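*Asks:* Based on the provided sequences and hints, a complete structural model is requested.
What follows is each chain in one-letter form.
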Amino acid sequence: MSVNPTGTLVQRIGERFKTALQESSDFRGDLSVVIEPGTLVDVARYLKVEEGFDYLLHATAVDWPARDPRFTAVWEVRSLANKTRIRLKTTAAMPDPHVPSLTSVWPAANWHERETWDLFGITFDGHPDLRRILMPPSWEGFPLRKDYVSFGEPVIFSDQKLEGLEPDAIRG
Amino acid sequence: MVKTDIAQEPIGPEHEPEAEWMELNMGPHHPSTHGVLRVRLKLDGEIVRDADADIGYLHTGFEKSFEDKTYTQGITFSDRMDYLAPPINNVGFVSAVEKLIGVEVPPRAQAIRVIMMELARVSSHELWLGTTGLDLGVYSGFFYAWRDRDLALDLNEAYSGVRMMTSFTRVGGVAWDLPDGWLDQLQRFIDVMPSRIDDFESMLTDNPIWHQRLEGVGVISAADAIEAGVTGPVLRASGVNYDVRKAFPYCGYEQYDFEVPVGTNGDCYDRYRMRVAEMRQSLRILQQAVDNLPGGPWLTSDRKVALPPRSELSKSMEAVIHQFRLVSEGFKGPVGDVYAFVESPRGELGFYLVSDGTNKPYRMKVRPPSFCNLQALKRLVQGVLVADVIAIMGSLDFILGDCDR
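Top to bottom, those sequences are chains A and B. According to our numbering, the stretch in the first sequence is residues 45 to 216, in order. According to our numbering, the stretch in the second sequence is residues 109 to 513, in order.
Simulated from the structure, these hints should not be mistaken for lab results. Owing to the predicted nature of the structure, the values given are computational and were not obtained by experimental measurement. Mixed in with the good hints, there may be bad ones.
Calculated pairs, DSBU-like style, for lysine-lysine (alpha carbon to alpha carbon, straight line, at most 30 Å) [unchecked claim]: (1) K190/A with K172/B; (2) K486/B with K150/B; (3) K486/B with K190/A; (4) K150/B with K190/A.
*Replies:* And the structure:
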């Protein structure tokens, strides 16, 4: 895999957007930045227009039940011309996780964000067509959340209570 | 013509008002969907005004299942997603794990991976040729394609014991060395395939009906293709020279001499040409891989991720401990997230792996090329005739198992 010119790009984002850049990391040559949700669309537009990140690879989320905010939404974009890649992250908190949609910047994010909403229950503000895509429209719960049991029906005894578990999310 | 917004369509006496558009369900069991896909078409007479692809019929929750299995167990999930190119999925999955952990893969293992991947590419494109031809009325081609594809599946079987779900990779290499006589069998495949592809081309490439069905149909410009996020032959047919094997070489692809075919028109006919040309290039790579196959081990000697050879088990206590640990609980990865990607016959197949330091992926997101290409269907079919929808869907070459996971 190629090496990203990491320092400079992160510095440019940092200089331009100051505190919106909450964190950055370069793990195994993969550059990631955590952006404050309110500025995310501006950062994305800057990356697309001025840094040439024209191609959206995927968008998804990661569920960290023990953390607050609980969800990390992830977009990964590439510049086809410069052969560089950057991962944009932002966070969303329970009980009603919201992040901005990047479909206005990269239209290809449409289905990826729909899928993320479908499987994680994260609302993408400004998404033109946010509805279930992989699961049936009548499905309840969000399967890729960590408290969604993957095999079989969960057994909860009358004197037990599973931490942070919404009753609707328990579907085997 | 690609029309992105229905609202821009002229409304006049020749155009019926939107209320009178007919909604037509194509699928979920339509033969041309090659899987289970439902497309809701909005028709103005025979002209398609809008399309909504309803996917998810083959959703099996692989991404969730990955979270419950160790890294080695996860390999068997990977090839069940894109079931027409399982070796490429295997390599994509383990390369994400290898990137996370930082494992070196021996040259022989890399060459075996390249051989298996290029075989998969040829067999996948063969199947595509056959089924797309079938959709458009070239019935005989299907039987030829199936016959030729079987040669590649025979090789899969001779190597891994399984015709499709090879699961042949391991983190740090491959599971087995090539069996005796396998390279001769592969050589026969490499020798016979060019003439078989010539046969196909003589049947289709200059066939006037094939031209009429595909030329100028489903056109997408380079800028639109990038914006729509399409990948693989669909992206290259529009003139974007992007192939992971060239742009970000993995498994030693930089050592092989091959070309990436790039189209100019971005129509269905160019996508057909891309795939035929790619088959020829794959055969070139296969020949070079056979000629220069390195010797040596096919699995890393790093005992933290790879099983020790059985011969060591009777002599070394340490080997027994490693064997026990690896089989019972697997190995752990560092905390972090990586994205690894390979070029599948359908485009860039990516694996975004998040690790929390345990022996299982905390999150495994697959970036399926079929999903990305199918998303562009809405753009491509607006303003075309219903019959062309079949040609366009065929030219996108999506596999619903890959798309829905």
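*Asks:* Taking the hints in turn, state whether each one holds.
*Replies:* Here's how the hints hold up against the structure:
1. K190/A with K172/B: 9 Å, holds
2. K486/B with K150/B: Holds - the C-alpha atoms of K150/B and K486/B are around 11 Å apart, at most 30 Å.
3. K486/B with K190/A: 33 Å, violated
4. K150/B with K190/A: Roughly 39 Å between the alpha carbons, so the hint for K150/B and K190/A is violated.
The structure fails to meet hints 3, 4 from the earlier list, while all remaining hints are met.
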